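Trainee: Residue-level listing of the chains:
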Amino acid sequence: DAGITQSPRHKVTETGTPVTLRCHQTENHRYMYWYRQDPGHGLRLIHYSYGVKDTDKGEVSDGYSVSRSKTEDFLLTLESATSSQTSVYFCAIDGGSYGYTFGSGTRLTVV
Amino acid sequence: AQSVAQPEDQVNVAEGNPLTVKCTYSVSGNPYLFWYVQYPNRGLQFLLKYITGDNLVKGSYGFEAEFNKSQTSFHLKKPSALVSDSALYFCAVRDDSGTYKYIFGTGTRLKVLA
Numbered sequence: 001d002a003g004i005t006q007s008p009r010h011k012v013t014e015t016g017t018p019v020t021l022r023c024h025q026t027e028n029h030r031y032m033y034w035y036r037q038d039p040g041h042g043l044r045l046i047h048y049s050y051g052v053k054d055t056d057k058g059e060v061s062d063g064y065s066v067s068r069s070k071t072e073d074f075l076l077t078l079e080s081a082t083s084s085q086t087s088v089y090f091c092a093i094d095g096g097s098y099g100y101t102f103g104s105g106t107r108l109t110v111v
Numbered sequence: 001a002q003s004v005a006q007p008e009d010q011v012n013v014a015e016g017n018p019l020t021v022k023c024t025y026s027v028s029g030n031p032y033l034f035w036y037v038q039y040p041n042r043g044l045q046f047l048l049k050y051i052t053g054d055n056l057v058k059g060s061y062g063f064e065a066e067f068n069k070s071q072t073s074f075h076l077k078k079p080s081a082l083v084s085d086s087a088l089y090f091c092a093v094r095d096d097s098g099t100y101k102y103i104f105g106t107g108t109r110l111k112v113l114a
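Chain order of the listed sequences is R and X.
Take the first sequence: its letter number 107 is residue 107 in our numbering, and every next letter is one higher.
Take the second sequence: its letter number 32 is residue 32 in our numbering, and every next letter is one higher.
Treat the hints with care, as some may be off.
Cross-link-like lysine to any residue pairs, in silico, SDA-like; alpha carbons within 20 Å at most [claimed, not checked]:
no. : chain 1 : residue 1 : chain 2 : residue 2
1   : X       : Lys77     : X       : Asp96
2   : X       : Lys49     : R       : Gly40
3   : X       : Lys58     : X       : Ala87
4   : X       : Lys22     : R       : Gly40
5   : X       : Lys58     : R       : Ser97
Part of the chain X face toward chain R, derived, beta carbon under 8 Å [to be verified]:
no. : residue
6   : Tyr39
7   : Arg42
8   : Phe46
9   : Phe90
10  : Thr99
11  : Tyr100
12  : Thr106
If you're looking for bench data, these hints aren't it; they were derived computationally from the structure.
Only a predicted model underlies this, so the values are computations on that prediction, with no experimental measurement involved.
Note that beta-carbon positions come from the ideal geometry of N, C-alpha and C, so glycine has one too.
Only chain X is shown next, with the shape it has when bound in the complex:
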């Protein structure tokens, strides 16, 4: 069965510093991986995805993610954090049963300190 783990409930980083939000996954086949962001009182918004190809995926708002097959990880990164990046971030893997169901991690709250 597919699963996703986000080991950190919260990540604090100073504005201007690089940030990393961790995600590991378990799938039986090729992984379809996603990152979403949720701002307060809003729905989730798509950030980026990995389907195949380059291990470094670039997404919205300057975020990128590094796919590492050997470590089964898909960490979200940004070179220079902004206070406005403070939000709840979810990693997700798409179920490979053909139903397009997503399995979400428990979420990581990112707090960027001014």
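Chain R on its own, in the form it takes in the complex:
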């Protein structure tokens, strides 16, 4: 989607390795979010940020960390990937009255 990009789009990694997903926005929005999407669970919030270096946990934050050193970038790190973290990860920015704008997602497979 215009204004927000995620990288990589697909990744396969081994159990126990660290993985970093990147979310980049060109909209200068203050709020950014990381969600994971799993069948039967919908989207669940992992972490969110309300400004540079200001982050907080969501409902499924265990095993994940985030960093936001610049307004435009929000990084999600899986410190030691596990098979339960196989999922599709979405970044979102708060678009004001139109709600969230989502990135295209990152499909992560942990083998």
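Knowing the structure of chain R, use the given hints to seat chain X on it.
Mentor: The following block gives chain X in isolation, referenced to the frame of chain R:
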């Protein structure tokens, strides 16, 4: 705590027939409600929202949603379904803590049959 429920995992409807995708919510204050659609291998796209005002909200692609405060529901509707409407639909409520977090339902897969 805010929550959203989508009671149907899948809805099947014949092309040309009206469709309804159900959503109920629980909030402590005034609800900010949204519907999003996800096509295969894509991110979620905004369809419509209810913040305040008319209970019938019109959105993209001919969709509308009816807000019912007494039943705490926000059902998505369309008068005449198209095969191209087949997708995954999510209802969401915005957290009222000031963080603009959204709580999503588990999603309903809509299948429109030709």
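Trainee: Determine for every hint whether it applies to the structure shown.
Mentor: Hint-by-hint comparison with the structure:
no. : hint                 : in the structure
1   : Lys77/X with Asp96/X : 26 Å, violated
2   : Lys49/X with Gly40/R : 23 Å, violated
3   : Lys58/X with Ala87/X : 19 Å, holds
4   : Lys22/X with Gly40/R : 16 Å, holds
5   : Lys58/X with Ser97/R : 14 Å, holds
6   : Tyr39                : 11 Å, violated
7   : Arg42                : 7 Å, holds
8   : Phe46                : 5 Å, holds
9   : Phe90                : 6 Å, holds
10  : Thr99                : 6 Å, holds
11  : Tyr100               : 5 Å, holds
12  : Thr106               : 4 Å, holds
Of the numbered hints listed earlier, those contradicted by the structure are 1, 2, 6.
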